[in-house]
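The listed protein sequences correspond, in order, to chains A and B.
Position in the first sequence counted from 1, then plus 1, gives you this note's numbering.
Position in the second sequence counted from 1, then plus 1, gives you this note's numbering.
For the record, the hints were derived by calculation from the structure and aren't laboratory data.
Certain hints may be false.
Since copy identity is lost for identical chains, a pair holds within one copy or between any two.
[To be verified] Within a straight-line C-alpha distance of at most 35 Å, the following computed DSBU-like cross-link-like pairs (lysine-lysine) qualify:
hint, residue 1, residue 2
1, LYS111, LYS100
2, LYS111, LYS72
3, LYS100, LYS72
Number of protein chains: 2
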Amino acid sequence: MLIPPELRSLIESGCHAHIVTLNADGSPHVTLVWIGIEDDEIVAAHLPRNQKVRNIERDPRVVLSLEASTKSNFGLTEYAVIYGTARITEGGAPELLQKLAETYIGLGVKFPPMDNPPPGYITRIRVDRIDGVGPWTGRPV
Amino acid sequence: MLIPPELRSLIESGCHAHIVTLNADGSPHVTLVWIGIEDDEIVAAHLPRNQKVRNIERDPRVVLSLEASTKSNFGLTEYAVIYGTARITEGGAPELLQKLAETYIGLGVKFPPMDNPPPGYITRIRVDRIDGVGPWTGRPV
Chain A
2 MLIPPELRSL IESGCHAHIV TLNADGSPHV TLVWIGIEDD EIVAAHLPRN QKVRNIERDP
62 RVVLSLEAST KSNFGLTEYA VIYGTARITE GGAPELLQKL AETYIGLGVK FPPMDNPPPG
122 YITRIRVDRI DGVGPWTGRP V
Chain B
2 MLIPPELRSL IESGCHAHIV TLNADGSPHV TLVWIGIEDD EIVAAHLPRN QKVRNIERDP
62 RVVLSLEAST KSNFGLTEYA VIYGTARITE GGAPELLQKL AETYIGLGVK FPPMDNPPPG
122 YITRIRVDRI DGVGPWTGRP V
């Protein structure tokens, strides 16, 4: 599905994404990542071929969850849960990290901090379903 | 394992927990929950017998992830990922929700907001392993 404008705004506000992938034994693996949007896919970058990358290559099912800074009518923190299908492409990670660092750390920061980082990997996620509490679910809050 | 003091402080600061459980088809399910600590287990309360409760009854593997308000030496947001084994007990949910609401919403709030809520369910999680970025991992940050 296309990324609805309410979710696009939440992602571009610099919320961290809790990303769930599945290990070989079926257990869930979770880390925090920076995310952006390219061509209606959600993207995240990784310098090493880490556990997330290996998990997605085996099983493309991923979930991202993001906490908003807004509250529902009941005073509950709004959040988005994004169920998606992911694929990995090689290269381009330092450039994407540098771009996202300006949102997540601040303007003018150099990230990755080292010279000559490896080309790395990009996770590209097609959104299948959106849940949570907030205007991005399409349900009343 | 016992809950280390650094993680206890993070939990008691009122961080929301992103809780991952596993659906019958092995896919991950994620929602946001309020959590507390009882007898060295992490606890969360649910009024209905929702998807989380049914998933844990089938497969006790859960992951909680919490964003801290602190930063690492590289300017990255610290966070905890808690891998655990969960069990469900019946009853006591309104009382636990009322207690947690004072942390997560504010003193004096009535939660659940309705009269005569059902007894509900409590998820009790034994911590098996802690990952993430921050002092609770035991690794340098």
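Hints, verified against the model:
1. LYS111 to LYS100: within (10 Å within a copy, 44 Å between copies)
2. LYS111 to LYS72: both (34 Å within a copy, 17 Å between copies)
3. LYS100 to LYS72: both (29 Å within a copy, 19 Å between copies)
Comparing the model with each earlier hint shows no violations; every hint is respected.
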